[in-house]
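Protein chains: 2
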Amino acid sequence: MQAAPLARLPRARYKPGMRFSRSYIPTLKEPPAEAQGVSHGLLIRGGYMRKLAAGIYSFLPLGWRVLAKIENIIREEMNRAGALELLMPAAVPAELWQESGRWDAYGPELLRLQDRKGAHFCIGPTHEEVIVDLVRRDVRSYRQLPLNLYQIQSKFRDEMRPRAGLLRGREFIMKDAYSFDVSEAAAKQSYQAMYDAYGRIFARCGLEFRPVEADTGAIGGSLSHEFQVLAESGEDAIVACDNCEYAANVEQAELAREEATKPERKFGALEKVATPGRRTIEEVSAFLGVPAAQLVKTLIYVADGTLVAVLVRGDHSVNELKLKKLLGSREIFAAGDSDVETATQAPVGFAGPIGLSLPIYADLEVRNLANFVVGANQADAHFRNVNVGRDFRTTAFEDLRMAAPGDPCARCQGGTYKGYRGIEVGHVFFLGEKYSAPMRCTFLDERGAEKPMVMGCYGIGVTRIAAAAIEQNHDASGIIWPMALAPFQVEIVVDQAVPECVAAADEIHAGLERAGVEVLYDDRDQRMGPKFKDADLIGIPLRVTVGKKALAEGAVELKHRRAPEAERVARADAVRKVAERVRAELAAA
Amino acid sequence: MQAAPLARLPRARYKPGMRFSRSYIPTLKEPPAEAQGVSHGLLIRGGYMRKLAAGIYSFLPLGWRVLAKIENIIREEMNRAGALELLMPAAVPAELWQESGRWDAYGPELLRLQDRKGAHFCIGPTHEEVIVDLVRRDVRSYRQLPLNLYQIQSKFRDEMRPRAGLLRGREFIMKDAYSFDVSEAAAKQSYQAMYDAYGRIFARCGLEFRPVEADTGAIGGSLSHEFQVLAESGEDAIVACDNCEYAANVEQAELAREEATKPERKFGALEKVATPGRRTIEEVSAFLGVPAAQLVKTLIYVADGTLVAVLVRGDHSVNELKLKKLLGSREIFAAGDSDVETATQAPVGFAGPIGLSLPIYADLEVRNLANFVVGANQADAHFRNVNVGRDFRTTAFEDLRMAAPGDPCARCQGGTYKGYRGIEVGHVFFLGEKYSAPMRCTFLDERGAEKPMVMGCYGIGVTRIAAAAIEQNHDASGIIWPMALAPFQVEIVVDQAVPECVAAADEIHAGLERAGVEVLYDDRDQRMGPKFKDADLIGIPLRVTVGKKALAEGAVELKHRRAPEAERVARADAVRKVAERVRAELAAA
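Top to bottom, those sequences are chains A and B.
Counting in our numbering, the first sequence runs from 43 upward without gaps.
Counting in our numbering, the second sequence runs from 43 upward without gaps.
Pulled out of the complex, with its shape left as it was, chain A reads as follows:
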């Protein structure tokens, strides 16, 4: 049978369109003083959001529509992958976090509070503990598995330095999913299903992105991918092979283990040179006329309260994750100025290994250098023609650096890493038994044996996607939304002073609404100039302009936000052409 669908399936039925005059889109001429970065400024100027407190924003109707579109794409793909939506509370009792050990481990980003009776709670930044507690109480048998449960929820992380609007906020919307399986093999399948779903989600959002191998961080587990939206403003550095599929966060990227290259060991005479006021690699390199790769940086770290020195080549960066693993430390961070000055007996900027009485860990690449440059542990001085062994000794040579563009690929023969900047919008983790074993989330297998479930967890930053889309899609005039995320698909701009234009625009508006196109109809009693400015700022992908001159010739103007010029289309064709373009652009994503 072919009955029409029933009227009230559980979906939010939005008015497809809105009249600008009856909406609430307070655009601003200037970005607010505190705006950091493109998306932050444009979201505020475009009337998408307003700041309530540091890293905490109200989403105005336009912003809310963008979030709803992102959420619905996520929902559709999660449901398609067999995940089930639920909703856990924001307030989580401390007991559960104490049971997992995260109450003490999580640090000050966890927003903690007490209720009126003095009971301790946190506002859950992720919900592993809550979902494990649910599942361990209600799931007993292998027959009830696999399960993949997800929610879309406002989360809170009390960032020390919230920045750049939605890119690093304190209150933000996240989709978090958790899978439960009977075995590692089954759990890897669940992981792969989420990996695939994430690819579909970000593609449908119209984003240029890349899945990269990543560190498992505070969540834990043994396998992890980040989904990075590529944008120059991205906070994360990524390397990707130009020959094979390998891509990774620089923190995680593998380095090819080459043999030491045995530099020719014609040691020059150690020489102290004056480098007045030259502290950075760039300054010293320029002043001495020595390439950065021939300099060696000496960095002082505090590892669980003890000072250590780390040497890496001037063009490399220390990988703190590797250092932490090497030292087996609970916490490491770069030493403050006063610690550096005490250890080196010199101002900051002139640290070096010669005569330094700290454990010295040197990156493997330092072993390949001869006659390099280091700081002299003395103000305004460096050493040149420095050589390991002759001039100082190291505690150990280890792989201690980040991968860098130009490094040979660790996975394939012959590829080279290229560098990218990315914004992390999704992260999938293979957790194994990290939570299920300590929290006794077990099941009975076919033979009646009790086993811990094997878990994965999967996050998407809903609010961050909105910002990342703008970082990737904008110009000097404003936002250029991908069709799937735009708050409306089409904006009609009409010359409100001309009754014939208003009549034609009304007709096109009605036609587009009948065709199911979402229209923002700028019917404000304003001149065309400010309307165009607002349209460019707001960034709706297609604009239909109904002006006096074209209309007199039976035409209206159609312009894609990305195109330099508008084109004329016959008034009678406008609705059909616009609807076709909307469809085509959605289908292309």
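Only true hints are included.
Calculated lysine-lysine pairs in the DSS-like style (CA-CA distance at most 30 Å, straight line):
{"hint": "1", "chain 1": "B", "residue 1": "K493", "chain 2": "A", "residue 2": "K93"}
{"hint": "2", "chain 1": "B", "residue 1": "K590", "chain 2": "B", "residue 2": "K619"}
{"hint": "3", "chain 1": "B", "residue 1": "K590", "chain 2": "B", "residue 2": "K601"}
{"hint": "4", "chain 1": "B", "residue 1": "K493", "chain 2": "A", "residue 2": "K71"}
{"hint": "5", "chain 1": "B", "residue 1": "K366", "chain 2": "A", "residue 2": "K159"}
{"hint": "6", "chain 1": "B", "residue 1": "K159", "chain 2": "A", "residue 2": "K366"}
{"hint": "7", "chain 1": "B", "residue 1": "K93", "chain 2": "A", "residue 2": "K493"}
{"hint": "8", "chain 1": "B", "residue 1": "K575", "chain 2": "B", "residue 2": "K71"}
{"hint": "9", "chain 1": "A", "residue 1": "K159", "chain 2": "B", "residue 2": "K159"}
{"hint": "10", "chain 1": "B", "residue 1": "K575", "chain 2": "B", "residue 2": "K590"}
{"hint": "11", "chain 1": "A", "residue 1": "K591", "chain 2": "A", "residue 2": "K71"}
{"hint": "12", "chain 1": "B", "residue 1": "K591", "chain 2": "B", "residue 2": "K601"}
{"hint": "13", "chain 1": "A", "residue 1": "K493", "chain 2": "B", "residue 2": "K71"}
{"hint": "14", "chain 1": "A", "residue 1": "K93", "chain 2": "B", "residue 2": "K159"}
{"hint": "15", "chain 1": "B", "residue 1": "K367", "chain 2": "B", "residue 2": "K230"}
{"hint": "16", "chain 1": "B", "residue 1": "K93", "chain 2": "A", "residue 2": "K159"}
{"hint": "17", "chain 1": "A", "residue 1": "K590", "chain 2": "A", "residue 2": "K601"}
{"hint": "18", "chain 1": "B", "residue 1": "K366", "chain 2": "B", "residue 2": "K460"}
Think of the hints as simulated: they come from the structure by calculation, not from any bench.
Start from chain A and add chain B according to the hints.
Chain B in isolation, oriented as in the chain A frame:
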């Protein structure tokens, strides 16, 4: 043109149906020990939710679907009424609440917290301050008004005694809307539009409800209606006239100001009688054989630290709101036992006005009594044949009682109040300038004069609707969902042991999905008995049973959850008949 709607309007596209074997519906045989009331127990037993902490629940997939349906009905009707959806943060800086004065006034139900830098926040239980702050920054002109802005959000109120599951929780989902107008007349129109939208929302939810006049409470303002779902288990007492439209919360209900009835003043002799152990109205009434209406209760209150006595007839209740207004107190509450014992020199239960050295406020109805009974301020004793004036004096006679069933209507001639119990699911408030004046939320009118906006605010308890629907619609076996709120519209129960039954059920399942009907397909490898038990508990309105015997005769069974018996329908007609019934039941709401 008649093109099909575009594929990706911003609506959540759920899978219409679900297989029980692949879902997560952990039903329980017994309600948990802590369950209070019908909906609390059934929501947990039916696998709709689980408790995380007192008054804090996780919504499992079935529960989430019910909430999504409620939210979407609310969205559609709010949008239809011209309101615009947005989303404000949960964490609200203390400064805004200090500006409105509510930071001090709100009391311990406000969940307060500090961030890592020591800044004070609350988790906003309502958002008047945040929305006023938004609007005052961006709206300047009468041309930008009216505005009605709403959100659907998880809220937190730190209730002293969370109870009965979703009926009085601590974390709950609320729709809150705020209107801004240029004048009182325009604001009254916005109020009326919301009043009307609320009627449509609760009707579409399939609820039997009643709008009643209400107190404005802590929100403030001058006009207010509650929307009460009628249910015996309701926490709120309501009176409604049997002759006119008037209905009100008993706290707010007006009383007809009748002339004092001048009782015949044949005073009997004051007599002290022994009433050993009889303390309550019921006990004294039964022991002395005197109707409750001939007894007078003496209640001791603490009004801003001072004790006062209040007299009302034995069958009436003190209206604390009226008492508070009369005394002009900031806070009143019933005195504790030790205060009562000190004031009356007697154990609790024997207080009376004779010889009492407190201000005595008596309800007007007490004036109409002669020869009544009061406590003797002495253990195990009451007075009878008591008369005001002769035996004691009052400080004042005032209207101090709640309305009660049987009272004459205050609005019409000749009607009488009937009593109901209700669950408050919505509340509309006319706020006037209560927030806009102190927070300087102003606009410029046509003549350029600056005026405060005139506001209203409008709440709906999303989670409470789910519970109220169950309180109103259940039987001994479980829930009976209204069609519009049911997590699925139809459940198919199949005899999994019989391959022909499975084939027929698969076919009907596919047909219903094609017809857009939402189906829960119980394909579990279980006997029919437990499947029926679960189906009754979960409460999906229509059930299709595919069993061996009926199928052999070319039929399946169709049963409404409310009907005592199933009926047979031809297998070939099943899909059409079921789809028709779903449509009919949705249309009837």
